[in-house]
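Chains A and B, in that order, give the protein sequences. Reading the first sequence from the start, the letters are residues 1 to 438 in this note's numbering. Reading the second sequence from the start, the letters are residues 439 to 604 in this note's numbering.
Bear in mind the hints are in silico, worked out from the structure with no lab data behind them. Heads up, some of the hints might be wrong.
To be verified - DSS-like mimics (lysine-lysine), calculated; alpha carbons at most 30 Å apart, straight line: (1) B/Lys477 with B/Lys546; (2) A/Lys415 with B/Lys546; (3) A/Lys97 with B/Lys506; (4) A/Lys140 with A/Lys213; (5) A/Lys140 with A/Lys317; (6) A/Lys132 with A/Lys97; (7) A/Lys343 with A/Lys213; (8) A/Lys218 with A/Lys140; (9) B/Lys546 with A/Lys218; (10) B/Lys585 with A/Lys97; (11) B/Lys585 with A/Lys358; (12) A/Lys218 with B/Lys585; (13) B/Lys485 with B/Lys585; (14) A/Lys132 with A/Lys317; (15) B/Lys485 with A/Lys97; (16) A/Lys181 with A/Lys140; (17) A/Lys213 with A/Lys320; (18) A/Lys317 with A/Lys218; (19) A/Lys181 with A/Lys213; (20) B/Lys506 with B/Lys477; (21) A/Lys218 with A/Lys181.
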Amino acid sequence: MPFSADNVQRQMSEDITTQNTLTQRNQTAVMGPQVGNLALKDGVPIVSEDGRELTTLNLGPTHPSTHGIFQNILTMDGEKIVSGVPTIGYIHRAFEKIAERRPLYQITTLTDRMNYCSSPINNMGWHMTVEKLLGIEVPKRAQYIRVIMMELARIADHLICNSILGVDSGAFTGFLYVMQKREEIYEIYEEMCGARLTTNMGRFGGMERDLSKEAIRKIREFIQSFPPVMQEFEKMLNRNRIFIDRTVGVGPVSQEMALQYGFSGPNLRAAGIDYDVRVMNPYSSYQDFEFDIPVGYTGDTYDRFMVRNGEIWESFKIIKQAIENLPEGPFHADAPEFYLPPKQEVYRNMEALIYHFKIVMGEIPIPVGEVYHAVEGGNGELGFHLISDGGRSPYRLKMRRPCFIFYQAYPEMCKGVTLSDAIIIMSSMNVIAGELDA
Amino acid sequence: MLTNQEIADDLLSQFGDKIAGFEEHHEIMSVFTTVETAKPMIEYLYKHPTFQFQYLTDLAGIHYPDNKGGELSVVYHVHSWTNNHRLMVRIFVPIDAPDVPTLVDVYKSANWMEREAYDFFGINFVGHPNLIRILNIEEMDYFPMRKEYPLEDATRQDKIDALFGR
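Go ahead and model the full structure; you've got the sequences and the hints to work with.
This is the structure in structure tokens:
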């Protein structure tokens, strides 16, 4: 279901940028060339091709509109960006190194802190990777519960990204409105794992607890109350003249560029390539559900916004199907060697006590081997490449973090746009600092 | 539907004795090859009319201290979307001369991935346009993901494998 942006007058935004350049020129004439910090190279000001002096602007590391800790050293000609150099690593926490010293179950908490807008997807991606290595078959009910939680997480992730895009282009209302729905999703998380942001949800072999009556009630309530809110949010922005002027044609990504720069997830699909891990390599019973993959045309900011909106509706559809067809049965695999027994059992039952001790000490039989497993994260293909030498922790764990890979296209996307557009481009790419740096 | 066997046969006919072996882990095949062959092989896979491995999913460095003469390993993980097929190409380089040709001219996304591998393992990607540290501070004078830098106090007594019958 591609979105039509044909009716939108792209000319409009071009007019605005020309106006900006004109005002900027007048200002330079009035205030002289000494505006801002001159960009110097060996003490000599850098000049553009038509002889105008360029300035350097330090955007970040802490800047309210970058939603995280990124630094971009921009060389600017007036308000237009000539080139940018991104510096990353401000919240690098060496997850891959730490993982080499931790038992597998303790690595789940590291994955939370990557894309913290959709932690359950990271958690479950990691659990599925380990299950693949250990050869655990997860029962259908657990798979469906996982799908529900992952799709809720995707909705929360996309809600944040799209509503923040509204804020960055000057519309705060939508943000505040959908935050209420995100809060309800977080309450469902709480019901499932006790935490809200860094969830640590589920266990190897399934879920830690079954969907409680309260959780099912909350999910059903969410299904009831979400569409009107989302419709109103879309009504506010989708055909909003100001929003369209700000976003259409800003930061376009062609299919070739997206492929070359390793884009994945909504940013890739906005460029018109319908690659989705859920469909290409189905995991956790995604093949049971009916859903579409929204794709865009031009890969500009507006398309990215629309693709995310479309995905929210598709995720919503999946949740509805999953909760209606939720299979009966156990919520975790019968794998006592790997699945942490319930606490009551541990106090009363010898076997449970032994397994509990062994699992907590990291003494589970891990085969020698390696596995790559990818899930469709909030931002794209989130992959875990786990190499095990039979020890209690991974020999090497490489996390494929989608943000890290597509963020390197940002300088090229920003070339020639105004500073305010650069902010919107970053916002629409949904770069999450935790995932970028890991 | 493309199979690993087809790719293996094709690569063997093309590169012959340059291929050191194949491995398969959970349906993903790994091709072991020499440092000089890795880039031509990936370019060949990229341009191949049916394979079309045009997406670089990941690039990982690994340190194997016991593998003398090839302590550092680079894993190229490529994906063919037209065939929905994944493939890994692996090479080993000696730790005292870890020179590997860059892939930036094949996949632009290799730029930061190679910088990351350099940052953590010290693999020198020859021809890379901007091979500097990416996540760690620039003043750092060692490569932290190598195995000689233990994460915890090595004198800890409670995690000795012998105590657990390993």
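Mind listing which of the numbered hints don't hold for this structure, in increasing order? Hints 9, 12, 13, 15 contradicted; others consistent.
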